[in-house]
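Each chain, written out:
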Amino acid sequence: MALVSITELVKEYPLGSARVPALKGVSFDIQAGTLVSVVGPSGSGKSTLLHLMGGLDNPTSGSVVIDGSNLAELDDQDLTIFRRRRLGFIFQFFNLLPTMKAWENVALPRLLDGEKLKDVQPRAVELLEKVGLGARVDHKPSQLSGGEMQRVAVARALVADPILVLADEPTGNLDSTSGQAVLDLLRGIVSEEGRTVVIVTHDAKAASLADQQISLQDGVLAR
Amino acid sequence: MNLFNLLNLRRFTEHRARTALSISGIAIGSALLVAVLGLLGSLTGSVEGFIQDLAGSADLEVAAVTNEGLDERVFFDIEQTEGVRAAVPMIRSRALIDRQQVMFLGVDQRVELLGTDLAQDQTETFERLASEPGILIGRGLANRNGAERGDTVEVFSTGGEKTVDVVGVIEGEAGRFNDGFFALAPLPAAQQILGKGPRIDSVFVLAEEGQNLEGLRRELSRQTGSGAFVDSPSGRVRQAQSSTASLRFGMLMGVSIAVTVGAFLVYNTMSMAALERRREIATLRALGGSRRLLLRNLLWEAALLGLIGSIAGAAIGVVLSGILVRSIPDFYTNGLGVGVEMNLPAYAIPMALIVGVVSAVVAAAMPAMAAVKVAPAAAMRPVGVLEALEDVDSISPIPTFIGTAIFLGSFATAVWGPGWAGFLAMGGLVVGAIVATFGLTHPLAGATARFAAKFGVAGQLAASAVRRAPRRAWATSVAVVAGVGMIVTQASASANINTSVTDSTNSLGRIDLYVSAASGVALATDVLLPPEWETTLEQIPGVASVGTNTFSFVAYRGDRVLIQGTSKSQGGEPAMAGITPAQRVQVQEGNAAVVSTRFEELFGIGPGDQLTLPTPSGGREVQVIASVPSFTWERGLVTIGRQNVIDWFGRTGVSDYQLTYEQGADAGAIRSQVEQFVEGSPVPVYVSSGSEYLQVIEGTVRQVRALFDSMVGVVVGAAILAIINALIISVIERRTELGIMRALGTSRRQLRSMVAVEAGALGVVGGVVGVAFGFLAHRAAIVAVGHQGGMPVEYAFVWGPALIAFPLGIAMAVVGSLEPARRAGSISVIEAIGYE
Ligand SMILES: Nc1ncnc2c1ncn2[C@@H]1O[C@H](COP(=O)(O)OP(=O)(O)OP(=O)(O)O)[C@@H](O)[C@H]1O
Ligand SMILES: [Mg+2]
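Top line first, the protein sequences correspond to chains A and B.
Here this note's numbering is used: the first residue of the first sequence is 1, the next is one more, and so on.
Here this note's numbering is used: the first residue of the second sequence is 1001, the next is one more, and so on.
Next up, chain B with everything else stripped away, as it sits in the complex (with noise of 0.2 Å):
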């Protein structure tokens, strides 16, 4: 430990901006994990608490496939099932009361089998509630509308509008429920009061002490048959993660390359620093020092490092995280049901801990094993002499074979592989990339001293130090193409990816003027427009036809799968564009659905197949004629006749309305009869015109673009640190000999155009070697991220992105070379010269 601290800590002390420097790569990968960490941990912790604050102890649950719910009887057959220690009927259903999203929940006294906060001590309550008709509300409705005991308030739902009493709120931990914005009813008076007829959403089971679980569910389902579905709780919040599936991909791979970058640096500043450091290794195994102690040394030194890097990075991250949670796109939300709150899940401080330790371990292992391998006789060398030295085989067979196997490899398993396995593919075209560089390092090196020696004498001293150290330019060069090929990576994704959200929407710049119950772009599934309104909206003047849509959620083989329910389409949805006129009528008519390519893909079911739909009415078949792509909803889309919906799914009300105007029509005239006539309405009413929607999904593409271009700016970041940190250390490896240069009369001004001149011509060279594996990288991205994260994407080359990050490449070669450009230009000749 004495020696530790003697050579190894007091290293870090007195060269504080290069420990920050060599700190940095891994801090910056450890900020970005926690961040991702903390945006996907917030998104299943929400789902998690909201059901776990529902559920309690629940073993199973029986829920309805859709909002309809399912008939109370069920409940009386699944108590009576053998294995069933009791069963919780409940309505949870969402509503509007006073125009804000709740969660309206109905039960009776068995609830408090459960144990939930929300079921516990509530005896009394339910007393009240038995003897005074009303319901009871959460703490932080009562904080928004200011309702309190004795206050009525206006409920909105399926069932329409009714006017309840508020008989008290609910306080305490109890209250703060779904975030206190929830209402609690007797189970027959949360049916009246939603409409619900005698039914209810789900059935909560508590199975016997040593009961087998799956063999209890496959019993239950049998017996509920395909109006319902059941699946553990904890089997919800797979489900509801499923829907975030290409956000947890398309972040996990951000990360995977950007760990990979952090891990890269921390081995680049390890070899510099061992470099560095050979007389120093040398004297110190002349004294007799052993190998295994100064390996040692050198490694708790990374792991040091890799922990106040990780430590510094898990800090940033945790405030990045709250940042990210704040601007996640509804897009990705609107599908959970419910609120996202930042929610750090407690491994990711420490699994950022030990990725950052490990990673450095492993970055150091290399340098520091070549280090110790110093021979100690090596101590005995003029000084100047060890420092230079630099032993680069022209070509090695070994990484260059490696590195492009690797790469190889992570490609054919971004494109074809299973779909887990594609953000690691991601992270191994980097390290593919990485060693096949590696194997190349000398015609890299020479490819860069001859463009570089075009520029003139500094140009070609520039040359010079590269020819001399080919491992640092390799190092520098390799930041730059990291650099660059992120930027042309995401950029060329981002734009394919605008592409073919644009193609596949932009029939719904067709339709003159929505009337939707959700807002932008989320879905109305839950609170309905009422279906009335087609007639009125028809009797508008100038309003050529109104088309109708009607969205839920249906339990699918274990997914939240989209159903939309169409009438009189104009072919604004994609769906509807997508396919004939004449298949439209047959959909329309009720014979026939599309699904979108991404249910094709998850359940194999496309045109030409029998499609069995769960529905509340039972099991429906209907025949699959086309298969279309769609962005609306990540796990599946299926398109049938709204008749179908209103036949099989009791369902009415509906989602949006579709206006389109007759020729020469007054649109402004329209929308505004429009808006007057919704204003009065109970639930929230949002009107835009066709291209507003438009701008709305381009917002929401820009919106969910900014995420990941923040972690492409990360890398780049990243990268300009290695660059400066790279050429820095050979600014001060070079000391003696550029002094010596300025003692035989060279400017300071040549000195520092030296140090430009090679970090521009890495630059050149990194950037077409970065612009080449963007390109690669593209292709394997869009694959990865069109099959495996669920967007139907198609990829296409282009060219822009190379266009602006090969300028790029070079601005952060040239930026990052303007301090040790300084540095090098203030060198005194005096000191340089001067011993130690």
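Isolated chain A (complex conformation) (with noise of 0.2 Å):
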């Protein structure tokens, strides 16, 4: 049984009285332990179906089922909770928190359970270890580069040991070395870890990566 099941998800954005089509019946699944790519122009509606994967809007209408939990029928508590056990997520913009050390940001998610800082500790530093920032771990985000900023933001996807990982363009804002080595870390979560990875991406050679690729042009699939 696929791990991420995506059946007929339409999304209408209001704006004003009228209503912006970002997606218009979208299908598909996803087997878990692969690397999955959108792509498409700008506007088609990745962002959009990354959204709603990620359980941080509603759709329209359609259904996201994630192992075996259907999205539509989770109230905003129970969503919340699921984001927080099942999910990792990497933004474009890092969205580090400035005020936290790089290994506290790391724990985070973990610490939104509930989990006490120092129990979270020894897990958020492996974790920068294994994204090779070991020496970075009591720097502020201010204190980092680019690069580095999105590496702890995949470590902080994973201290929570997700399901699944959504990533919105995680290379967009980085040169290309950098951005070469977030996409290593995030194929090895797959091959390594048996993970499943879906990457928003503008990137061709990211998107070949992939183990299945979905293409978006208008708010439904291109085949």
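A few of these clues could be false.
Computed from the model, here is a short list of chain A residues facing chain B with C-beta under 8 Å [unchecked claim]: (1) H51; (2) D57; (3) Q77; (4) T80; (5) I81; (6) R84; (7) F89; (8) L97; (9) L108; (10) P109; (11) L112; (12) K116; (13) L117; (14) D168.
Derived CB-CB ranges, DEER-like [to be verified]: (15) B:L1818 - A:P98: 22 to 30 Å; (16) A:I81 - B:R1822: 41 to 49 Å; (17) B:S1396 - A:D113: 37 to 45 Å; (18) A:I81 - B:G1745: 47 to 55 Å.
In case anyone wonders, no lab produced these hints; they're calculated from the structure.
Ideal Cβ positions, reconstructed from N, Cα and C, are used throughout, including at glycine.
Could you use the hints to bring the two separately framed chains together as a complex?
Dropping the structure here:
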């Protein structure tokens, strides 16, 4: 059975009295342990799709089922807990919290789950070492380069042991070397740990690394 | 707690200046609250302490209605009354000892029943007093005049001057009664020294176990008739308190406004902070932080800010309150009958902390709830877009309507409502104005933008900033509204008070020379001048006539009313100036009374009514023929003929003589002759000309005004902080944008002018609204102060304050923009367009 199952997904944004259709009925499955890329021209609905898969927003119609949970059936509180325990996010603009050190940023999702800082610390440091930032554990985001920040964000996305990692243009703000490092990391997560990762990207090279490619055009799948 | 520490607390330490700014609102409110509670508590506490020290465990006090006292036989009747366990007779009169004001007590052995420090372990002293005639004095007096056992002192009282032996000084706790300024003698000796004859001032009553006190009070009242007044010791405290009602009222009104403005500042900083933290909150939501958790953290943060702010404020407040206590005008302490000592009530600081924390949490609640509603998907938005987002409808009818309703409701309450609601209503006016302008954010921001756009390129940049962030524009201009509104309200009210006081007292300037037993605006009611002086003063060449006045307080319907007995009036007294010469004759012949408008208001007795005055010789009927505004005494003034005072009260002494000179007389010569004549007097005598006397009154008005001006100053300071805060956040939020503008060739100067023009335009719009607010608030304040605070002040519209406050509002905004403008000018292009 597929890990993610998306059926007839529709999203319309209200704009004044009009409605902007961003997704017009999209269906596909994602198997566990694969790297999936979502590609398509600007405005084609990639980010919208990722938001719906991550339970960050509600679809107008259609369903997203992840590991047997239909996101539409969860209320805000359950969805929040689902995101916290089952999903990992990587943002284009990193979104690290400026007041926190690198390892504290990594620990954050589990702190939100009520765990104690010192209990999460070993795991956070281990993950930072894994993404090659063993020497930057105590740095604040303002003391890190863009590529380093995004690697912290990757570590953060993994700290809660998620079944699905979602990344919206994770390399969009990085130079090609740093971008490549992040992509290698994500590829490694899939092949070595068997996790499932979805990347929205404009980068042809990134897309080519994927096991499955979802191509959007004007809110529908392009064939 | 971990999270709270990482997310919220670290922010405090990393943005120290910002944190300080955001707690300043709370700190200011709490400082004022503590200062005013300290001041009011000191007034009450001093009276309470005095009465506690005197009355001890007494349940009731039967007190003479005037200083003349009660027939001592009353005591035996009281002692026999059913339900009375014990009764303690006492003389408690003011007197001068070596020209020092003291409380002169006359007691017998029964005083021990009261269990006060004064009565404890004094058996030995009483024994000494029994064998050795003389008085004991308190430590304070002994330190002042250097008298010890074996010395003699001069006692001056209504009974004249006496030389008395000091048989001892009371030390320890007991010796500190009334600050140590007192004398103690056996009852008969005290009667003799004070010339009281067979009279006493009070009988303290201890009721039997389980006795219904109200029933007993009524029974004793009935028994003792109109010459005495029966109340619980705490009733005496209440009575004393009511004499400072206008001060209390005005101060609480100021605090209520200041706390409202303080809470608004918190709301302001919190909503700015919430806007600034949208990305962070969206990220936390995306990562699985629940709304409840984030909301709870934000509210904890507010509570903590509130706590820190109110602790800091309370510390300042304690100092301020000491200053306030030292600067209360005599005018207010006069009627209390005791010296006022700094006495911070135990509840003041806890209350300030609670008010601080609660108002911070309440003020933060709305912005915090709005902040955690941000869509988690918003975390994905590009930097710069999210932070600049504001969702403001053109006009929000609901807040506009609610705000207007609160404003009008408060206005109505202030003008027509019950007295106790008056000061809350003034706070309500502020809340109403804030909420109503919130609803009108868009039109206000539009007006500001149109105005700003007139000032060149910088003006156009400012206009676009205002249009894009109307909520912030609103927040800044409301700070200006608060400052300008307060200035207009206070200055206009002061102008009205000044005019009313001047109108009501300028007749006092008609008198050429006052010879009084009290200084300044104080009233001589205890120690009086000898009546024989009248003839002597009349015989001084050049003196045309000598008017006399005698004052006395009487207990009237649970209040302390001032009685003025006047003879040969030249029309100098406000009460006499306000009536016709024929009426004046009527009053002085003893057939009529003039009451103050306040008296009429409090007791419903006015022209045409019959007034029954309680006097030592029983109730006396007198016809009221006029009511006249008077500032002399807040709880009402009754003016009658002096002969009535002599006949009914047995009070022959004179409070003040009022001399008028013959045409062309040598004023200097007469004055020096008078001064020479009074020099040998055992009582301190104060000689002043009519114009000097008016100056003293003016000085008192100025003193009172200064008290309120300082409150306005605090609010203006808070408003400037709010402006700085809003503009700095505006600059921080637009860093990227300002950086890009710099990159595109905008000069530092232009950026600085942009911030200054933005502030100036907000100052103009806020100033206009503030002036309008001030006009209405002034109207409400005058009615509230006049009708409910006890001052007969006439409302009159004045332009002057608005003309000053308006430019001052603009100046406030521009001063507030200096630091933000500097920051805008010094933004580095590279940094600003970098991420995070
Ligand atoms: N909050 C919103 N309100 C209204 N319309 C929106 C909103 N978010 C997205 N849209 C519209 O939905 C469509 C799809 O947007 P989306 O952000 O998913 O595109 P995208 O494929 O991620 O583009 P890009 O590659 O530029 O990031 C666009 O036409 C966009 O204008
Ligand atoms: Mg996108």
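Any hints this thing doesn't respect? Which numbers, in order?
-> none
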